[in-house]
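Sequence order for the protein chains is A and B.
In terms of the numbering used here, the first sequence opens at residue 456 and continues consecutively.
In terms of the numbering used here, the second sequence opens at residue 230 and continues consecutively.
Check the hints yourself; a few may be wrong.
Partial chain A-side listing against chain B, Cβ under 8 Å, derived [stated by the list, open to error]:
hint, residue
1, E457
2, V459
3, C478
4, S481
5, D585
6, G586
7, T621
Simulated crosslink set (EDC-like; lysine to aspartate or glutamate; CA at most 20 Å straight-line) [said to hold, decoys possible]:
hint, chain 1, residue 1, chain 2, residue 2
8, A, K604, B, E434
9, B, K298, B, E250
10, B, K454, B, D355
11, B, K479, A, D611
12, B, K597, B, D549
13, A, K465, A, E520
14, B, K597, B, D542
15, B, K474, B, E273
16, A, K460, A, E594
17, A, K514, B, D549
18, B, K491, B, E507
19, B, K368, B, D355
20, B, K602, B, E250
21, B, K606, A, D611
22, A, K460, B, E434
23, A, K514, A, E622
24, B, K298, A, E549
25, B, K475, B, E273
26, A, K519, A, E470
27, B, K509, A, E457
28, B, K568, A, E470
29, A, K460, B, E285
30, A, K567, A, D506
31, A, K519, A, D611
32, A, K604, B, D335
33, B, K577, A, D611
34, B, K568, A, D506
35, B, K298, A, D611
36, A, K536, A, D506
37, A, K460, B, E507
38, B, K491, A, E549
39, A, K534, A, E549
40, A, K514, B, D545
Keep in mind the hints are simulated off the structure, nothing from the lab.
Keep in mind it's a predicted model, so treat the numbers as computed, not measured.
Quick reminder that beta carbons are idealized off the backbone N, C-alpha and C, glycines included.
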Amino acid sequence: MEPVKVFYNKKEYLETHTGNKVCRKSLIRGSHNIHLNGKCIISPGVVIRGDLAPVKIGKYTIFKEDVVLRPSYKRAKGKLKYITMQIGEHVLIEEGSIVCASKIGNNVHVGKNCIISHRCVLRDNCKIEDGAILSPDTEVPSFTIYGGKPATYLADMPDSTVFMHTELTQGYYNRFLPLA
Amino acid sequence: MWRATSWNPPYIHLQCGCGKEWGLEDMFFCFPCSKALCPYCVTEEIDSFYCRNCMENMPNTEAFAFKNKCARCFQCPACFSTLQILLNSTRQQKLYHFGCQSCYWDSMSLGLFGNSLNELLMSNQDYFMKDNPLQDQLKILIDTYKEACRNRRKIGVKYLQKETWTFEDLENSVQPKPLINPVQRIEHQSPGFDELLNEDINYNEITSMQQRLSNAGAQPRELNKASAQPIPLLTRRSKRCKYCKKYVVKPETNQSFSNPFKMENLLVYFFPRIYIREIKSNSLILLLINPTAAVAYIRLEGDKVPPSELHLDSYDPVMDLVTSEGSSLDESLIIEREKNTISIEVGKPSNDIWISAFWKFMRGQDVKEFEIKIHIKLA
């Protein structure tokens, strides 16, 4: 079926000149530490903890409802140290996921209700299935699907992932329209 | 094989020349043959091996030597997540051992630890050898067959060189030679029902089928006897057309490049995306989107589909530029035309609709044309 249009209330969203759409009902801490590169959608209930460490988010990145972004920590010389969280372009994170990864590449799809633990690295063009729990320090290579509790390698993604995922996120952004 | 497209109706699939149905996302396009290919119509070649944990590339010979497994990374025998090497240091000594961050499985109880990393890896290897009761028996079998093979070659040469054959020679050559002692059958009484009921088993400690098969050598019954397993390697593959043997997909060997492919002839780049916009009682409205950079043409044929040749304009989203060619001959069929998309109405004879599409598009200066069957399943 044709992808449906999503309408939002214009009063509930803030729009920046680079095209970011940020919901006023989201919880953003340490906004000076959060860099949105443009055309991102931040839905209601999203929590971004920029007060812990810088969070860098690429273009066309979509966070659906109740997503939590928390930078991960490292233990160095007996102290906890929070490290920068980098999220690439065309990343789609579905409802209710908790993301503590240190690095997320381009064209990554994270399913619903996932938990991505501390210091995980998600490479380009990978997919995490709904309800997966990635144990700490897991590395997800590109063009793979991880799923299960704890998440393990399941299968390979098709070669068209780059095109399909870019189309998915760009399409979602273009269909995300204000109510007239 | 994992498929990108869903099989829950309503869906639109394409039929490959071999008769199998696939989604647009899974298919390839061969330019010399002008053919759409499904994953079964391409041959795969392994370009390189890599470990999914340490991401290290391995040449073919090394991968073969390590039995397609990584030499440094291990997976948990209980939950299959990657094991970490932990350091348990006291004042007297340092002990390295494996530990799982997910299920807290630990190799200390098995006696797998070492004063250095190398010692730990060696002790794990020794454990594999020790733990496999069939190893010795298998080794005898392999040695015997090798010996028999060698002897047969010798015997053949010996008898061929003989000029005269006696009856004794024939008897000698035919007579089987006992080389191996047959395995003695152990009389084993299977436990009775009462015995099974009264047996004290902790069912949480019994291995599942998956856990047992991952420990293929030992196949332990209890989980506390399973040991850390090396992680199997993943592969980067290039794909060739089955018919003309030309490359269809070639991955980039240098991983630092942003584009993961040297060459990718995927059907999504050259064939229009088709969506169902609306399902009416006796017709349905389809949406066609042209992905190519030039004006393309489509001719549809099928039951209750008006014969028509339509053109699709191209659209460049970066420049926001539409390349148009006015109106088609059968422009009346088109309900709506917007940028590079058109919507058309086709008849609905049943819930299974087959339409032949003739697609003509430009690639540089070349004009390419091919035919493909579209299967629309509504319920």
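Hint check:
1. Given the 8 Å rule on beta carbons, the hint for E457/A holds: about 4 Å separates it from the nearest Cβ of chain B.
2. Of the supplied interface hints, the one on V459/A is violated, with its beta-carbon coming no nearer than about 11 Å to a beta-carbon of chain B, more than 8 Å.
3. For C478/A, the suggested interface contact is broken, since its CB lies about 26 Å from the closest CB of chain B, more than 8 Å.
4. A least Cβ separation of about 28 Å between S481/A and chain B goes past the 8 Å threshold, and the interface hint is therefore violated.
5. At its closest, the beta carbon of D585/A sits 14 Å from a beta carbon of chain B; the interface hint therefore is violated under the 8 Å criterion.
6. Violation of the interface hint for G586/A is found here, the shortest Cβ-Cβ separation to chain B being roughly 15 Å, above the 8 Å cut-off.
7. Contact between T621/A and chain B, as hinted, is not supported at the beta carbon level, the nearest pair being about 11 Å apart and thus beyond 8 Å.
8. For a cut-off of 20 Å, the pair hint linking K604/A to E434/B stands: about 19 Å separates their Cα positions.
9. Among the hinted pairs, K298/B with E250/B is inconsistent with the structure: their alpha-carbon atoms are about 34 Å apart, more than 20 Å.
10. Distance check on the hinted pair: K454/B and D355/B sit about 14 Å apart at the alpha-carbon level, within 20 Å; holds.
11. Using a Cα cut-off of 20 Å, the hinted pair K479/B and D611/A holds, with the two alpha carbons roughly 16 Å apart.
12. Taken as a hint, the K597/B and D549/B pair is broken in the structure, with Cα atoms around 26 Å apart against an allowance of 20 Å.
13. Under the criterion of a C-alpha separation no larger than 20 Å, the hint pairing K465/A with E520/A is consistent with the structure, at around 17 Å.
14. Between the alpha carbons of K597/B and D542/B the distance comes to roughly 16 Å, so the proposed pair stays at or under 20 Å and holds.
15. A hinted pair counts as satisfied when its Cα atoms are at most 20 Å apart, and K474/B with E273/B qualifies at roughly 11 Å.
16. With a C-alpha separation of about 35 Å, the suggested pairing of K460/A with E594/A is violated against the 20 Å cut-off.
17. This hinted pair checks out: K514/A and D549/B have alpha carbons roughly 18 Å apart, not beyond 20 Å.
18. Annotation: proposed proximity of K491/B to E507/B is violated, straight-line Cα distance about 39 Å (limit 20 Å).
19. Straight-line distance between C-alpha atoms of K368/B and D355/B comes to about 16 Å, which keeps the hinted pair within the 20 Å bound.
20. Annotation: proposed proximity of K602/B to E250/B holds, straight-line Cα distance about 9 Å (limit 20 Å).
21. For the given pair, K606/B sits about 26 Å from D611/A by alpha-carbon distance, which is inconsistent with the 20 Å threshold.
22. The straight-line distance between the Cα atoms of K460/A and E434/B is roughly 51 Å, outside the 20 Å bound, and the hint therefore fails.
23. Annotation: proposed proximity of K514/A to E622/A holds, straight-line Cα distance about 13 Å (limit 20 Å).
24. About 34 Å separates the Cα atoms of K298/B and E549/A, which puts this hinted pair outside 20 Å; it is violated.
25. A C-alpha spacing of about 12 Å is found between K475/B and E273/B, which places the hinted pair at or below 20 Å, so the restraint holds.
26. For a cut-off of 20 Å, the pair hint linking K519/A to E470/A stands: about 16 Å separates their Cα positions.
27. This hinted pair checks out: K509/B and E457/A have alpha carbons roughly 15 Å apart, not beyond 20 Å.
28. Between the alpha carbons of K568/B and E470/A the distance comes to roughly 26 Å, so the proposed pair goes past 20 Å and is violated.
29. Only pairs whose Cα atoms come within 20 Å are accepted, and K460/A paired with E285/B is rejected, the gap being roughly 43 Å.
30. Straight-line distance between C-alpha atoms of K567/A and D506/A comes to about 25 Å, which puts the hinted pair past the 20 Å bound.
31. Restraint check for K519/A and D611/A: the C-alpha separation of about 25 Å exceeds 20 Å, so the hint is violated.
32. Pair hint K604/A plus D335/B holds up; C-alpha atoms about 19 Å apart against a cutoff of 20 Å.
33. Among the hinted pairs, K577/B with D611/A is inconsistent with the structure: their alpha-carbon atoms are about 36 Å apart, more than 20 Å.
34. With a C-alpha separation of about 44 Å, the suggested pairing of K568/B with D506/A is violated against the 20 Å cut-off.
35. Restraint check for K298/B and D611/A: satisfied, since their Cα atoms lie roughly 18 Å apart, inside the 20 Å limit.
36. Restraint check: the Cα-Cα separation between K536/A and D506/A comes to about 13 Å, which is no more than 20 Å; the hinted pair holds.
37. Between the alpha carbons of K460/A and E507/B the distance comes to roughly 14 Å, so the proposed pair stays at or under 20 Å and holds.
38. Proposed proximity of K491/B and E549/A is contradicted: the alpha carbons are some 31 Å apart, above 20 Å.
39. Restraint check for K534/A and E549/A: the C-alpha separation of about 33 Å exceeds 20 Å, so the hint is violated.
40. Among the hinted pairs, K514/A with D545/B is consistent with the structure: their alpha-carbon atoms are about 19 Å apart, no more than 20 Å.
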